[in-house]
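Q: Sequence:
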Amino acid sequence: MGKEKTHINIVVIGHVDSGKSTTTGHLIYKCGGIDKRTIEKFEKEAQEMGKGSFKYAWVLDKLKAERERGITIDIALWKFETQKYYVTIIDAPGHRDFIKNMITGTSQADCAVLIVAAGTGEFEAGISKNGQTREHALLAFTLGVKQLIVGVNKMDSTEPPYSEARYEEIKKEVSSYIKKIGYNPASVAFVPISGWHGDNMLEPSEKMPWFKGWTVERKEGKVEGKTLIDALDAIMPPQRPTDKPLRLPLQDVYKIGGIGTVPVGRVETGILKPGMVVNFAPVNLTTEVKSVEMHHEALPEALPGDNVGFNVKNVSVKELRRGYVAGDSKNCPPKGAADFTAQVIVLNHPGQIANGYTPVLDCHTAHIACKFAEIKEKCDRRTGKTTETEPKAIKSGDAAIIMLVPTKPLCVESFQEFPPLGRFAVRDMRQTVAVGVIKSVTFKETSSALSIEKTSSSLASASSASLASSSASSSIAKATNDNEKITLTSTALTFLKLIHHPKAIIGNNSFKTTNNTKTIDIENFQSISLKILIIFLLILYYNYFNLNLHRHRKSFRRKSIEENSSQIIASSLINPPPLPPPNQQKWQNIQLIIL
Numbered sequence: 248m249g250k251e252k253t254h255i256n257i258v259v260i261g262h263v264d265s266g267k268s269t270t271t272g273h274l275i276y277k278c279g280g281i282d283k284r285t286i287e288k289f290e291k292e293a294q295e296m297g298k299g300s301f302k303y304a305w306v307l308d309k310l311k312a313e314r315e316r317g318i319t320i321d322i323a324l325w326k327f328e329t330q331k332y333y334v335t336i337i338d339a340p341g342h343r344d345f346i347k348n349m350i351t352g353t354s355q356a357d358c359a360v361l362i363v364a365a366g367t368g369e370f371e372a373g374i375s376k377n378g379q380t381r382e383h384a385l386l387a388f389t390l391g392v393k394q395l396i397v398g399v400n401k402m403d404s405t406e407p408p409y410s411e412a413r414y415e416e417i418k419k420e421v422s423s424y425i426k427k428i429g430y431n432p433a434s435v436a437f438v439p440i441s442g443w444h445g446d447n448m449l450e451p452s453e454k455m456p457w458f459k460g461w462t463v464e465r466k467e468g469k470v471e472g473k474t475l476i477d478a479l480d481a482i483m484p485p486q487r488p489t490d491k492p493l494r495l496p497l498q499d500v501y502k503i504g505g506i507g508t509v510p511v512g513r514v515e516t517g518i519l520k521p522g523m524v525v526n527f528a529p530v531n532l533t534t535e536v537k538s539v540e541m542h543h544e545a546l547p548e549a550l551p552g553d554n555v556g557f558n559v560k561n562v563s564v565k566e567l568r569r570g571y572v573a574g575d576s577k578n579c580p581p582k583g584a585a586d587f588t589a590q591v592i593v594l595n596h597p598g599q600i601a602n603g604y605t606p607v608l609d610c611h612t613a614h615i616a617c618k619f620a621e622i623k624e625k626c627d628r629r630t631g632k633t634t635e636t637e638p639k640a641i642k643s644g645d646a647a648i649i650m651l652v653p654t655k656p657l658c659v660e661s662f663q664e665f666p667p668l669g670r671f672a673v674r675d676m677r678q679t680v681a682v683g684v685i686k687s688v689t690f691k692e693t694s695s696a697l698s699i700e701k702t703s704s705s706l707a708s709a710s711s712a713s714l715a716s717s718s719a720s721s722s723i724a725k726a727t728n729d730n731e732k733i734t735l736t737s738t739a740l741t742f743l744k745l746i747h748h749p750k751a752i753i754g755n756n757s758f759k760t761t762n763n764t765k766t767i768d769i770e771n772f773q774s775i776s777l778k779i780l781i782i783f784l785l786i787l788y789y790n791y792f793n794l795n796l797h798r799h800r801k802s803f804r805r806k807s808i809e810e811n812s813s814q815i816i817a818s819s820l821i822n823p824p825p826l827p828p829p830n831q832q833k834w835q836n837i838q839l840i841i842l
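To convert, count from 1 in the sequence shown and add 247; that's my numbering.
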C-alpha cells in the first residue's frame with residue numbers, strides 16, 4: 248500500500264433493507280477490494296441458503312450467525328481504493344435493535360453515505376418516524392460526521408423503472424429533513440443508483456439519461472460528478488490533529504493466538520507508535536504497545552483517522568472493553584470522568600425530563616447510562632442565552648445546560664479540546680431522545696493500584712492516621728526516602744485485589760507514576776488502608792469466634808463423656824454382670840480340701 252494517498256473512513260447508513268450491504272459489497276467488488284472468485288463463492292452460498300439476492304451483501308456478512316439470520320449485526324470493516332483515497336467502509340446495521348453498533352461505527356467516520364430505497368412504499372417506511380433513515384442521519388450529524396452523500400438506491404424497482412419523478416420526489420423530501428438536522432443540502436451529493444445492477448456506481452448509467460450529474464457547493468469551491476465513486480473522491484480530506492495528545496477510543500478487543508491481546512479502534516487525535524507506553528481510561532491501566540497494524544500491515548506510526556489494531560503487553564482481553572480510551576501515559580493521559588456539564592437539546596421525548604433521569608449516553612464508542620444530576624438552566628438553542636435558571640423539567644424542543652454523572656466508569660472530554668470525545672447522543676425507549684456537547688469535565692483523581700510515588704510528610708500522616716492501629720501496616724507500605732516507591736507484599740496485594748478494581752493491578756508489586764510529580768492521593772490511600780484494617784479486624788473476630796466455638800464444643804464433649812461414664816458405673820452396680828461358669832475340677836478340689 249502506497250503512502251501517497253490519504254486514508255478516509257466512510258459509514259454506510261440507512262433504514263433496514265434499503266440495500267446498504269448490497270451497495271457496499273458491490274462497490275468493494277467493483278473497486279477491486281475482493282476478487283471475482285470470492286464473489287462467485289458467496290453467490291453459491293447465498294443461493295444454497297435461499298438468499299440469492301444477497302450475494303454482494305454476503306461480502307460484508309462474514310459471521311455465520313449473521314448469515315443465517317439475514318441481517319448485518321456487527322460493524323464490518325472493508326477497504327478499497329479510489330483515484331484519490333484509501334477508503335475504509337464501515338457497514339452499519341439498520342435494525343433498531345442494533346442502533347448501538349451503528350453509533351459505534353458512525354462515531355469513527357469522516358463521511359456518511361445515506362442509502363434510501365426508492366421502491367414504492369420503501370422510502371416512506373424509512374423516512375417515517377418509526378423508520379431509521381431520520382435517526383441515522385441525525386446521529387451521523389450529532390456524532391460529528393459533517394460530510395454526507397445520499398444514494399437513492401433501488402432505482403430499478405420504481406414505477407416505472409428508473410423514474411426521474413420518483414428520484415426528484417425523494418431528493419426534495421430528504422433535502423428538507425437533512426436541512427432541519429444541520430446539513431446544508433447544497434453541499435450534499437444526491438446520486439440515483441442500483442446497488443444490485445451497479446447503475447451509477449462507478450460509471451454513468453445508460454438507463455438514467457435524464458440524470459445530468461450531481462453538484463456540490465462548498466466554501467472551498469464547486470465540485471461536479473456523475474457517479475457514487477466520484478462523490479467519494481469529492482470528499483474533503485479531514486483535518487488530522489496530530490499535534491494534540493493521543494486519544495484512541497476502543498471499538499473492540501480481540502485475543503489473537505500467538506500474538507496476544509489486540510485492542511482495535513480509530514486514532515482520533517495524536518500519534519500511536521510501537522514502543523509507546525499507553526494508559527487506558529477510565530480503568531487507569533498502563534502498558535506498552537508492541538506493534539501497530541492496519542489491514543494486516545505493520546505501521547511505524549498511526550495517525551488520526553487510521554483504524555488500527557495494536558498489540559499490548561501483559562494485559563488480558565478481559566481487562567479491556569469497548570468504550571475505553573487509550574492515551575500517551577507521558578502526554579496528558581485520559582482520565583475517568585466523575586461528572587460533566589453539557590449542553591443538551593431534547594429532540595423527541597414523550598414526557599418531561601427532570602433531575603434523576605438516567606438514560607443511556609452514546610459517546611464515541613462508549614454506551615453508558617448517565618444520570619441527569621442537575622438541570623442548571625434552560626437556554627436558547629441558537630444563541631445559547633439563558634432563558635430560565637434551575638428549571639424543574641425540560642421537554643422536546645428545549646435546550647439546557649445539565650450536569651451528568653456516569654453510573655459506570657466513563658472517559659469523556661470537553662468538545663472544545665477533543666471534539667470526537669465531547670459529543671453524545673441520548674438514547675431511551677429504543678430511540679434517540681436528545682443530543683449534546685460536553686462543555687466541561689470533572690475528572691476523577693487517578694487512584695490506580697499501579698504506581699504512586701510518595702512525599703515523605705504526606706505518606707507519614709496517611710500511614711499514621713489509618714494504619715497505626717493495625718499490624719498490617721508494616722506489610723502494606725514501606726517508606727524510606729522521598730523517591731522510593733511504596734512496595735506491597737503479596738498479602739497486601741491480595742487485600743487490594745479484593746477491595747480495589749482488579750483491572751487496576753498489573754503483575755508488579757509496586758506503585759509507580761508516569762511522571763515525577765511526587766504526589767499521592769492521600770484520601771484514597773487512607774480509604775484503602777481503612778478498608779484493609781476493617782478486613783483485618785473481621786478476620787481477627789472470625790478467628791476469635793471460631794476459637795470460642797471450639798472450646799465450647801470441647802467442654803460439651805468432655806461433659807457428655809463424664810455423664811455417660813457415671814451412667815455406665817451406676818447401671819453396673821444395680822445390675823452386675825453374670826459371673827463366668829465355674830471350673831468343675833477346681834470346685835471339686837476345693838470341696839475336698841474343705842472336707
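Mixed in with the good hints there might be a few duds.
To be verified - Within a straight-line C-alpha distance of at most 25 Å, the following computed DMTMM-like cross-link-like pairs (lysine to aspartate or glutamate) qualify:
#1 K426 / D499
#2 K252 / E464
#3 K277 / E420
#4 K326 / E535
#5 K466 / E453
#6 K577 / E664
#7 K426 / E453
#8 K252 / E295
#9 K331 / E540
#10 K326 / D480
#11 K625 / D675
#12 K632 / E621
Calculated from the structure, these hints are not laboratory results.
Q: Next step is simple, just say for each hint if it's right about the structure.
A: Cross-check of the supplied hints:
1. Using a Cα cut-off of 25 Å, the hinted pair K426 and D499 is violated, with the two alpha carbons roughly 34 Å apart.
2. For the proposed pair K252 and E464, the alpha carbon gap of about 24 Å is at most 25 Å, so the pair holds.
3. Proposed proximity of K277 and E420 is contradicted: the alpha carbons are some 30 Å apart, above 25 Å.
4. The straight-line distance between the Cα atoms of K326 and E535 is roughly 28 Å, outside the 25 Å bound, and the hint therefore fails.
5. Distance check on the hinted pair: K466 and E453 sit about 33 Å apart at the alpha-carbon level, beyond 25 Å; violated.
6. Under the criterion of a C-alpha separation no larger than 25 Å, the hint pairing K577 with E664 is consistent with the structure, at around 18 Å.
7. For the given pair, K426 sits about 31 Å from E453 by alpha-carbon distance, which is inconsistent with the 25 Å threshold.
8. Between K252 and E295 the CA atoms are separated by roughly 40 Å; this puts the pair beyond 25 Å, and the hint is violated.
9. For a cut-off of 25 Å, the pair hint linking K331 to E540 stands: about 22 Å separates their Cα positions.
10. Distance check on the hinted pair: K326 and D480 sit about 14 Å apart at the alpha-carbon level, within 25 Å; holds.
11. A distance of roughly 21 Å separates the Cα atoms of K625 and D675; the hinted pair therefore holds under the 25 Å criterion.
12. Taking the CA atoms of K632 and E621, the gap is near 18 Å; set against the 25 Å cutoff, the hint holds.
In summary, the structure is inconsistent with hints 1, 3, 4, 5, 7, 8 from the numbered list given earlier, while agreeing with the others.
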